[in-house]
Amino acid sequence: MTTGIRDTYLEAAEQAVELLALAEVAEAWEDESVLPAMSVGALAGHLARSVLQVEWFLDGRVTGAETVSAVHYYARLTGTDQHGSALNTGVRARSAETAAEGPAVVAEQARAAWQRLTRRLAQEPPGRRVAVLHRPGEEMALDGYLTTRCVELAVHLEDLARSAGVSRPVPVAALAVAVDVLVAAARERHGDQAVLHALARRERDDGQALRVL
1 MTTGIRDTYL EAAEQAVELL ALAEVAEAWE DESVLPAMSV GALAGHLARS VLQVEWFLDG
61 RVTGAETVSA VHYYARLTGT DQHGSALNTG VRARSAETAA EGPAVVAEQA RAAWQRLTRR
121 LAQEPPGRRV AVLHRPGEEM ALDGYLTTRC VELAVHLEDL ARSAGVSRPV PVAALAVAVD
181 VLVAAARERH GDQAVLHALA RRERDDGQAL RVL
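In the working numbering, the protein residues as written are 1 to 213.
Be careful, since some hints might not be right.
[To be verified] So the derived label-pair ranges between C-beta atoms look like this: (1) Leu133 / Glu101: 17 to 27 Å; (2) Leu213 / Gly137: 44 to 54 Å; (3) Arg119 / His83: 38 to 48 Å.
The hints are simulated quantities; they were obtained by calculation from the structure and are not laboratory data.
The beta-carbon is built from N, C-alpha and C at its ideal position, and this holds for glycine as well.
Please take these sequences and the hints and turn them into a complete structure.
Take a look at the structure:
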């Protein structure tokens with residue numbers, strides 16, 4: 001079994017579960033979050049889905065479809081900076097659907113899923129694949145998918161904590177995974193010269209090469 005990324009994921013997911021259960025999150029549920037056009041509840045639903053979806057994907061049917069890496073998963077996203085893009089519209093719709101259950105239910109569902117995953121991930125073989133349910137015809141290695149969930153958790157733990165007015169540290173290991181994956185995705189999307197400009201010559205960074213999400 002590959003333990004590293006699974007342990008990193010579970011640590012970050014535990015932080016998400018604890019954040020979702022805070023009274024401050026429930027009290028701000030209907031308020032606007034730090035993300036445009038998303039309530040705190042919708043943002044909480046989006047964060048919770050990085051726990052809930054892992055179970056859903058594990059239970060999905062694998063057919064041997066195209067395998068997508070964690071880096072390519074992000075590198076080929078389009079419309080991330082466009083409010084009305086299909087990507088962002090879909091994210092908001094799925095997040096709102098989850099949030100509709102209310103703060104107590106969302107928090108409990110996430111905690112229960114995390115508890116089951118702490119046992120289940122220890123049993124899954126290194127070569128385990130999962131179907132990407134919202135992208136029919138695509139599959140990922142389980143550890144690759146968990147890598148993408150570390151990115152999402154690292155990003156949105158901070159978003160939700162800020163939205164609810166609380167302080168919640170993002171686990172260092174998940175932060176490192178997120179930075180590595182997103183920089184690699186930026187390199188694939190824009191090329192090394194553009195990424196170098198973004199890192200060292202910002203006045204030449206015409207395309208915001210480091211902006212992936």
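message: Taking 44 to 54 Å as the stated bounds, is the beta-carbon spacing between Leu213 and Gly137 within them?
response: Taking Cβ atoms as reference, Leu213 and Gly137 lie about 23 Å apart, which means the hint is violated.
- request: For Leu133 and Glu101, compare the CB-CB distance with the range 17 to 27 Å and indicate the outcome.
  value: 19 Å Cβ-Cβ, so the 17 to 27 Å window holds.
query: Can the suggested window of 38 to 48 Å be confirmed for the beta-carbon pair Arg119 and His83?
result: Holds: the Cβ-Cβ distance is about 40 Å, inside 38 to 48 Å.
The structure fails hint 2 only (numbered hints given earlier).
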